[in-house]
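Trainee: Fit chains B, C and D to the given chain A structure using the hints.
There are 4 protein chains.
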Amino acid sequence: MAGKIRLPIVIVNFKTYAEATGKRAVELAKKAERVNHETGVSFGVAPQVADLASVAETVEIPVFAQHIDPIRPGGYTGHVLAESVEEAGAKGTLINHSEMQLKLSDIDEIINITREKGLLSVVCANNPTISMAAAALKPDLIAIEPPELIGSGIPVSKAKPEVVTGTVRLVRQVNTEVAILCGAGISRGEDVQAALRLGTQGVLVASGIVKAKDPYAIMLEFVEATGK
Amino acid sequence: MAGKIRLPIVIVNFKTYAEATGKRAVELAKKAERVNHETGVSFGVAPQVADLASVAETVEIPVFAQHIDPIRPGGYTGHVLAESVEEAGAKGTLINHSEMQLKLSDIDEIINITREKGLLSVVCANNPTISMAAAALKPDLIAIEPPELIGSGIPVSKAKPEVVTGTVRLVRQVNTEVAILCGAGISRGEDVQAALRLGTQGVLVASGIVKAKDPYAIMLEFVEATGK
Amino acid sequence: MAGKIRLPIVIVNFKTYAEATGKRAVELAKKAERVNHETGVSFGVAPQVADLASVAETVEIPVFAQHIDPIRPGGYTGHVLAESVEEAGAKGTLINHSEMQLKLSDIDEIINITREKGLLSVVCANNPTISMAAAALKPDLIAIEPPELIGSGIPVSKAKPEVVTGTVRLVRQVNTEVAILCGAGISRGEDVQAALRLGTQGVLVASGIVKAKDPYAIMLEFVEATGK
Amino acid sequence: MAGKIRLPIVIVNFKTYAEATGKRAVELAKKAERVNHETGVSFGVAPQVADLASVAETVEIPVFAQHIDPIRPGGYTGHVLAESVEEAGAKGTLINHSEMQLKLSDIDEIINITREKGLLSVVCANNPTISMAAAALKPDLIAIEPPELIGSGIPVSKAKPEVVTGTVRLVRQVNTEVAILCGAGISRGEDVQAALRLGTQGVLVASGIVKAKDPYAIMLEFVEATGK
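Taken in order, these protein sequences are the chains called A, B, C and D.
Oh and the first sequence: position 189 is 189 in my numbering, straight run, nothing missing.
Oh and the second sequence: position 52 is 52 in my numbering, straight run, nothing missing.
Oh and the third sequence: position 15 is 15 in my numbering, straight run, nothing missing.
Oh and the fourth sequence: position 225 is 225 in my numbering, straight run, nothing missing.
Honestly, the hints are just simulated from the structure, not real lab data.
Heads up, some of the hints might be wrong.
In silico DSS-like pairs for lysine-lysine, Cα to Cα no more than 30 Å straight-line [stated by the list, open to error]:
hint, chain 1, residue 1, chain 2, residue 2
1, B, Lys-160, A, Lys-91
2, B, Lys-23, A, Lys-4
3, B, Lys-103, D, Lys-103
4, D, Lys-103, C, Lys-117
Cβ-Cβ distance ranges computed for the label pairs, FRET-style [unchecked claim]:
hint, chain 1, residue 1, chain 2, residue 2, range
5, A, Pro-147, D, Thr-176, 49 to 59 Å
6, A, Arg-72, B, Gly-153, 29 to 39 Å
7, B, Lys-4, C, Lys-213, 52 to 62 Å
8, B, Asn-112, A, Pro-73, 31 to 41 Å
9, D, Arg-72, C, Gln-173, 25 to 35 Å
Even glycine gets a Cβ: it sits at the ideal position worked out from N, Cα and C.
Same shape as in the complex, but just chain A:
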């Protein structure tokens, strides 16, 4: 993973929130880029597929798809082809988000596809054991997100620090290179600080930024918490 992205990183998942759809996706991405440029701390954004091209044309920070399918070019309808998101400007993709959970063999195949294409793979996992299993598949990043905390405003780094430290410990038994992100409930600078202190290399965040009154301000708060 070294060289592909600079750590720590904050990846903002736009989900299908109205606040981050279409033109508003581009606006939000520009705010993330501005914070990145002003502070030097890495940000990535994961807009919806329909918004990938317009976002990637506008900002220079890494743009991620929220999902791709385990397919090669061919006769598939309604699927998301790696080549299509790549040509739209994506540098990577989320995989197996808690809201788009995948079969084990499909996760493996999608990681293979991203590796062939030089795309960054960010596999989401619900708990430490699943994170360890995901780490065996050698993605670039793993994001630990207990599903019960997603969108809750209760940060995993505070509510369940043992989930984060347990993930770091188990993942490192099988994979020393994968970057580990902490997700679910992250909404304040101190949550980011806690995540890094517990041994992760960044955060995956959605509503905490997308639905914030002032996303720019919250992103700045996140940066300060990284101590950079």
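Mentor: Coordinates of chains B, C and D only, in the frame set by chain A:
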């Protein structure tokens, strides 16, 4: 449906073919638009979601998504939101394609969503009975496509004309307004002619055009077959 | 459907409730049979697949599977084959229950399989439009169950009578033979009475009986409500 | 795993083959038991859920479900509850068979359920990397089965020995206790011999025995190949 699109119509499903991804999607859409403009026969195109915006910016013919999810704006990751494809310029969507088959209740909900937004709904169905069930849900168009003929080059209108006439008969028992398209194996002008003669209002075609040596020529052949 | 079962009918879905698993499934089925024998009102039971044989060996009332897969004998692992539930003694199957929703084409195929084998098909549907679509597939019975009322104790016949009457009206437009059951929230005799008065031929019930303190007493109450 | 079953073991997956449904499932299980008793080599059988009780009542060798769902007792319809297969006499379950592939988080949850109940968990995996991921979840057994060889009659132990040795190597990096089975295409004694020589502790076999003219003879041939 009256007033929304002009019939007969040829809808070209780009699937995830390499020949119709990214820039090549835009090129193919321009060819369809050129035939439409030159002949006055309606064409629609259904590129991948990542290509919707660039295609819709370029051509004036109706652009369709290949699939949308049965969701409203909110916390969903990797899903396709109606609002996102609409803002990208789509005028409608395929639903329940044989390669993206959906739960009955999801088809119903997606049709509800398209109706609310004024998007055209094109529900695909495998056989006459399923077409009749789909017609009860009141979509704008139904496309009958026996899955075993998809991509075969063997047109349903020739191999199984009774599937087409049976579909027309059963669909009309419950729905007199829905337009009926004929799909699967359509690759020559005579296939289009047969489809119309059997009582349909157009065709849904994919590899027959996307993978043709000269898609423009094939589309012209289709137009001639409509007798317009 | 005529001749296959006597209407009205009360079908009790055992789901995967602990109260209706294993030996307790057999006990509950015996109570339903006792009410049936004592009153002459038809009861059916739908235990889990693992309990089908022991229940069907014990009682003479019709036993239903809760689900079968759209497959023929062959190389499938973990699927439920029609032949297996038939040999275990099932006389029919629920299809597309709200907790096991199926693709439209799979519903069609499962109904085809049940028809070939002389098994009773009971298709569940969420709303009147979906019920109409299901009726086009010509199952033996349709059960209308608004998912938001399932397990709620609030009967659809009381909370949303227009859902029941709308279902009856739309279903009859396409199918005059299918029996219509009313489900979701049925837990008292008056709910059954309302369901029949609104034009249905029986009820599909789960927790209202399975989790009742005295299922036998509740079933008797249901019978009295039928006026038989 | 020690103490739970004796290794090496031959597990026969009955799938939904007509030859192994209903009464024929019981007959086939009796043959496996007979070979087990005559030779002392362990056999297990995995019949369909509807046949679990009748098979488990008849034979003393371990009986496995082909699949269970990641659920606890409650309001689920058409699902397979661990408690139901346990009460029917199952001693364990296959998980994630290539024909019933599961989400990563569901595999984890099912293994948790089997562990709580003292049921044996046999997780199937398509390739060495997926096997390693599965091993991180700490099941009792892993079965490596390249899907392209399933039902082919071409044994993985011969066609792709590196898949088997690679699996053993990667699995042992994360889990020294799990037993490893070799599946896909096993149909002769020499295939079993090769599987054991490559470092596995048994085989998972389906059509090679179920569809054999003389399953008893083939099972004896398997036993001889184990050298016991």
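Trainee: Checking against the hints above, which ones are violated?
Mentor: Violated hints: 1, 4, 5, 6, 9; rest satisfied.
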